[in-house]
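Peer 1: Just so you know, the sequences run in chain order A and B.
Under this note's numbering, think of the first position of the first sequence as 1, with each following residue one higher.
Under this note's numbering, think of the first position of the second sequence as 264, with each following residue one higher.
These are computed hints drawn from the structure, not numbers from a lab.
Ideal Cβ placement from N, Cα and C applies to all residues, glycine included.
Any given hint could turn out to be false.
Only part of the chain A face toward chain B is listed, based on derived beta-carbon distances under 7 Å [claimed, not checked]:
1. Lys44
2. Pro48
3. Ile78
4. Glu85
5. Ile92
6. Ile100
Number of protein chains: 2
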Amino acid sequence: MMIVKIGGGKAINLKGAVQDLAELGESFVIVHGANAIRDEIAEKMGHPTRVVTSISGYSSVFSDEATIDAIMMGYSGIQNKRLVELCQQHGINAIGLSGIDGRLIEGARNKGIRAKQGDKTIVLRDYSGKPKSVNGELLGLLLSHGYIPVICIPIIDENNVAINSENDDIVNLLQEALHAETVVQLIEAPGYMADIGDASSLVRTISKSELEAREARVEGRMKRKMLALKKLTESGAKRVIISDGRVDHPIKDALSGKGTTIQ
Amino acid sequence: MMIVKIGGGKAINLKGAVQDLAELGESFVIVHGANAIRDEIAEKMGHPTRVVTSISGYSSVFSDEATIDAIMMGYSGIQNKRLVELCQQHGINAIGLSGIDGRLIEGARNKGIRAKQGDKTIVLRDYSGKPKSVNGELLGLLLSHGYIPVICIPIIDENNVAINSENDDIVNLLQEALHAETVVQLIEAPGYMADIGDASSLVRTISKSELEAREARVEGRMKRKMLALKKLTESGAKRVIISDGRVDHPIKDALSGKGTTIQ
Numbered sequence: 001m002m003i004v005k006i007g008g009g010k011a012i013n014l015k016g017a018v019q020d021l022a023e024l025g026e027s028f029v030i031v032h033g034a035n036a037i038r039d040e041i042a043e044k045m046g047h048p049t050r051v052v053t054s055i056s057g058y059s060s061v062f063s064d065e066a067t068i069d070a071i072m073m074g075y076s077g078i079q080n081k082r083l084v085e086l087c088q089q090h091g092i093n094a095i096g097l098s099g100i101d102g103r104l105i106e107g108a109r110n111k112g113i114r115a116k117q118g119d120k121t122i123v124l125r126d127y128s129g130k131p132k133s134v135n136g137e138l139l140g141l142l143l144s145h146g147y148i149p150v151i152c153i154p155i156i157d158e159n160n161v162a163i164n165s166e167n168d169d170i171v172n173l174l175q176e177a178l179h180a181e182t183v184v185q186l187i188e189a190p191g192y193m194a195d196i197g198d199a200s201s202l203v204r205t206i207s208k209s210e211l212e213a214r215e216a217r218v219e220g221r222m223k224r225k226m227l228a229l230k231k232l233t234e235s236g237a238k239r240v241i242i243s244d245g246r247v248d249h250p251i252k253d254a255l256s257g258k259g260t261t262i263q
Numbered sequence: 264m265m266i267v268k269i270g271g272g273k274a275i276n277l278k279g280a281v282q283d284l285a286e287l288g289e290s291f292v293i294v295h296g297a298n299a300i301r302d303e304i305a306e307k308m309g310h311p312t313r314v315v316t317s318i319s320g321y322s323s324v325f326s327d328e329a330t331i332d333a334i335m336m337g338y339s340g341i342q343n344k345r346l347v348e349l350c351q352q353h354g355i356n357a358i359g360l361s362g363i364d365g366r367l368i369e370g371a372r373n374k375g376i377r378a379k380q381g382d383k384t385i386v387l388r389d390y391s392g393k394p395k396s397v398n399g400e401l402l403g404l405l406l407s408h409g410y411i412p413v414i415c416i417p418i419i420d421e422n423n424v425a426i427n428s429e430n431d432d433i434v435n436l437l438q439e440a441l442h443a444e445t446v447v448q449l450i451e452a453p454g455y456m457a458d459i460g461d462a463s464s465l466v467r468t469i470s471k472s473e474l475e476a477r478e479a480r481v482e483g484r485m486k487r488k489m490l491a492l493k494k495l496t497e498s499g500a501k502r503v504i505i506s507d508g509r510v511d512h513p514i515k516d517a518l519s520g521k522g523t524t525i526q
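Looking at chain A on its own, in the form it has when it is part of the complex:
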């Protein structure tokens, strides 16, 4: 079993990734993003994506109702269905699901983002939250009948409302349910780079202890990423590979040791 997380950037070679997956001879699930197309849709629909920064320094998309609409259009709509179509064209019997379908991913809605507005601290409440559980029964049912789940946001909160969520957290939950040996994460970069602007600073391998050291050194979003990676290794993934999704063979390259491998 493999979990493939595909980033939502425009430059990711979806076709190449699907071609590779079709030759894999191993079962897998896909979790995909769609932030580039969501932003494009949100802009054209007249509600551009708005990023808010909490007083603790963490930036996130402010997910009001129009943003959830844009997520449904961009993630569950065009990106999910074009990816399922690609899979079908390569003999993978994919089935696209958002986290609300069959209560696949249940979460808890955030209490609010504490942010600055001028001098005042305000609490912004939106439709976002943390995934808490995965419907392993539904995943097992589909996988055991030859269907490959292609998963995206939104997820469903404790009041049955569709909410935005982080794919890193979703991947962690899926890993707990599926016990994948390998987790591949395709991004728009060669892998994890010590210096984000310098491709030659690509880190080839990171051990679990190095992960902890790096986590202690970084801040904000990158800290969250490091924590998510640490969790993945803790929940039994033998290797986690962060690799370039823009190349001809994103999955083959990843599995052959390009990118960053965490073991």
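Chain A is fixed; fit chain B onto it per the hints.
Peer 2: Just chain B now, with coordinates in the frame of chain A:
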């Protein structure tokens, strides 16, 4: 078993329909439209929906790639997911699927629409076609595990390409697979009206022989509708109800004999 076809107009009371369905105590599947929201999205994305009329007089949406994108955003995206969310809020464990997911609805792509361009007859080829088969195994798997399928276009063609299709044809195929006793169709009108502009001309019941007589008298899209209805009764639906989706209790009203019943 009941099949519920929900029209894609803005005025359909989705919440009322879902509330009614939650109290039904019977298994069902939903097939929904989203033409209003698709047109809105297509317009805002810069590719307004374009209707073409064939030389035989039949009008249809010209489904180029941008139209399929708009269908994915409008049908599989926002309309499907908001409907699934509503279902979940009313205790219905809905799972939204397009026809391409798990090859739920396979079809054959149209050879082309013969249309006039000035003096010339041209053949317009688009991404549309006729559904030919339903993945009954997948439907059965989901239904037998308590999941309610909420189905929409696109469907998948013989080359694994996502195509547009008519919901009337999809409902007919579902009926052949599911042998529903009742088929409810919610529209933005009181039911089938002899005179489309006159609500008092609502036809309360139509027998199968009347359906044939009416079919012979009408043209174009309405002829197709009549044919589809005839097929439904032939494939074992004991009653087909065309009813008002704009009321407080669309399903309850339909089942209590409001609208037009075909028996």
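Peer 1: Under 7 Å, Cβ to Cβ, is where Ile92 (chain A) needs to be relative to chain B, so tell me if that hint holds or is violated.
Peer 2: The hint is violated - Ile92 (chain A) has no Cβ within 7 Å of chain B, the shortest such distance being about 10 Å.
Peer 1: The hint names Ile100 (chain A) as touching chain B; please verify it with the least Cβ-Cβ distance against 7 Å.
Peer 2: holds (5 Å)
Peer 1: With a cut-off of 7 Å on the beta carbons, see whether Glu85 (chain A) makes it to chain B.
Peer 2: holds (5 Å)
Peer 1: Under the criterion of a CB-CB separation shorter than 7 Å, is Pro48 (chain A) in contact with chain B as hinted?
Peer 2: Check failed: Cβ of Pro48 (chain A) comes no nearer than 13 Å to chain B, outside 7 Å.
Peer 1: Does the closest beta carbon of chain B sit nearer than 7 Å to the beta carbon of Ile78 (chain A)?
Peer 2: Interface hint status for Ile78 (chain A): holds (5 Å vs cutoff 7 Å).
Peer 1: Does Lys44 (chain A) pass the interface hint, meaning its C-beta sits closer than 7 Å to a C-beta of chain B?
Peer 2: With Cβ-Cβ at 5 Å, under 7 Å, it holds.
Checked against the numbered hints above, the structure violates hints 2, 5; every other hint is satisfied.
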